[in-house]
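So the sequence lines, in the order shown, correspond to chains A and B. Just so we're aligned, residue 5 is where the first sequence starts under the working numbering, counting upward by one. Just so we're aligned, residue 117 is where the second sequence starts under the working numbering, counting upward by one.
There could be a bad hint or two in this list.
[Said to hold, decoys possible] Some, not all, of what chain B presents toward chain A, calculated at C-beta under 7 Å:
(1) R124
(2) A126
(3) L127
(4) L254
(5) G258
(6) P260
Think of the hints as simulated: they come from the structure by calculation, not from any bench. In this text, a Cβ means the ideal position worked out from N, Cα and C, and glycines have one as well.
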Amino acid sequence: MRFEEFAAARLPAVLRFAGVLTGDRGLAEDVVQEVLIRTHKRWQQIGELDRPELYVRKMVVNEYLSWRRRSWRLIPFGTAHDIDRRLVADHAQAHAERDALLAELGKLPRRQRTVLVLRYYEGLVDNEIADVLGCSPGTVRGYASRALAALRVELEPRALSEEGYR
Amino acid sequence: MRTEDDLRAALVALEREAPAVTQVLPKAASRRGRGFLPRVGRHWRAVGLAAALGLAVGVSVAVVAALSPGPGSVSHQQASESLRTKLLAALTASGGKIVYERTTDLSPGTRAHTVMESWHYPWLPKAGQLERGRELILNTDGTPLRDSQASYTTLAPDQDLYSKGEIIDVEYATRTWSERHSRWLFDDDPGAPTTLWDMIHNGMLTVVGRTKLDGHPAIEVRFKIGPSSDYLLVDARTYLPLRTVISKGASVRRYDYQYLPATAANLAKLTAPIPHGFRQTAQPVTPKNAPPFFLQTQAPAEPAPSIRQTAPGQPG
């Protein structure tokens with residue numbers, strides 16, 4: 005696969021992933037930009053992979069986790085309303101509970117948030133998430149547990165008995 | 117309690133935060149190589165036109181063309197490299213100073229006016245260091261609209277987005293002021309000194325030539341952070357940035373910088389004075405017609421494929 009073929013076919017999905025991961029279009033844009041530049045430089049190797057988009061998504065995760073904000077200007081973070089305004093474009097159509105959940109999701113530490121996105125958006129099991137993050141499955145479960153507790157999300161009984169999340 | 121399905125649905129809803137391909141690819145193209153490669157305006161125009169027409173594949177091809185190495189002047193690149201080294205050295209040497217920044221709106225169709233004055237100390241803080249800043253936002257007639265001062269702990273590069281600190285807002289429109297102690301979310305500002313540092317560090321510049329700013333010898337540098345051609349003027353003697361002009365959409369803003377020693381008189385400028393008679397409130401009381409902090413637009417939602425296959429090696 006050539007780089008332009010990858011960009012045309014796979015980039016939209018990578019961008020969606022970045023949008024969900026960051027919850028912030030501007031940050032997602034910055035993160036993917038950085039990743040694209042490095043991807044292009046290394047395309048000879050990355051393009052040889054069976055599914056290069058998977059590798060690129062790992063790069064997106066790494067970039068997001070190491071991203072340094074580049075401004076000193078501050079915006080108050082204390083109220084859910086501030087975050088709601090940031091995350092929700094159309095208040096009229098949004099559900100209040102989902103907005104509240106998104107607001108709380110936006111307050112999670114990055115690694116906890118990343119684990120939730122990989123588990124509940126991408127559908128990865130904990131071993132796969134551990135591979136992406138470069139940590140142990142136990143650490144992944146720890147992140148997930150703390151994040152779910154913070155968000156007051158109750159685990160479904162089937163999740164505990166199935167292979168998923170293990 | 118919420119369910120896992122609630123969480124899944126909420127995450128899918130966040131797909132609206134996905135940037136458009138036509139936004140990301142051209143910007144990546146503009147930064148190809150991250151090092152002093154000459155900008156080729158024609159590529160930009162072609163990309164912009166294709167993006168406007170919504171030709172996704174066409175955009176990709178055009179951008180790939182822009183990403184490919186182009187013809188360049190070696191001496192031009194060396195000049196940029198040399199200037200970059202001098203700039204970073206000058207910035208580092210003055211990192212303990214107060215930076216004063218004046219932001220002027222130069223957008224087409226509007227009368228040029230100062231929209232904000234700000235002070236920040238130290239202007240290149242280290243992780244864990246206490247930072248102090250003040251922003252004085254002005255009305256178009258030059259009168260104060262909001263005066264804010266903040267102090268907070270500088271984050272390490274690998275830390276989270278939030279920093280603990282306090283902020284005092286003085287709202288002139290409602291004659292109120294508030295003091296809050298909380299966590300804070302960092303916002304992006306294309307003209308902020310730390311942004312400038314990153315752009316220089318990343319080599320996103322090319323030397324145009326020598327010029328003058330108010331009779332003062334300066335070096336003009338072009339840099340790219342988007343589809344427009346923005347520029348930076350550097351003091352030809354001290355190599356400190358004097359001015360940047362940045363376009364973002366229809367907005368054009370000029371940022372002028374001064375570097376002040378950390379004397380008692382200058383440090384006092386980091387404090388937002390509270391005029392007599394202003395009432396204290398728990399939260400800032402802004403006028404009802406105040407613009408929102410963030411303006412977002414909906415992104416098209418498309419089904420997202422799962423990634424269950426792992427790739428070899430550790431990218432990053």
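Okay, the hints, checked on the actual structure:
no., hint, result
1, R124, "holds, 5 Å"
2, A126, "holds, 5 Å"
3, L127, "holds, 4 Å"
4, L254, "violated, 16 Å"
5, G258, "violated, 21 Å"
6, P260, "violated, 18 Å"
In the structure shown, a violation is registered for the earlier hints numbered 4, 5 and 6, in ascending order.
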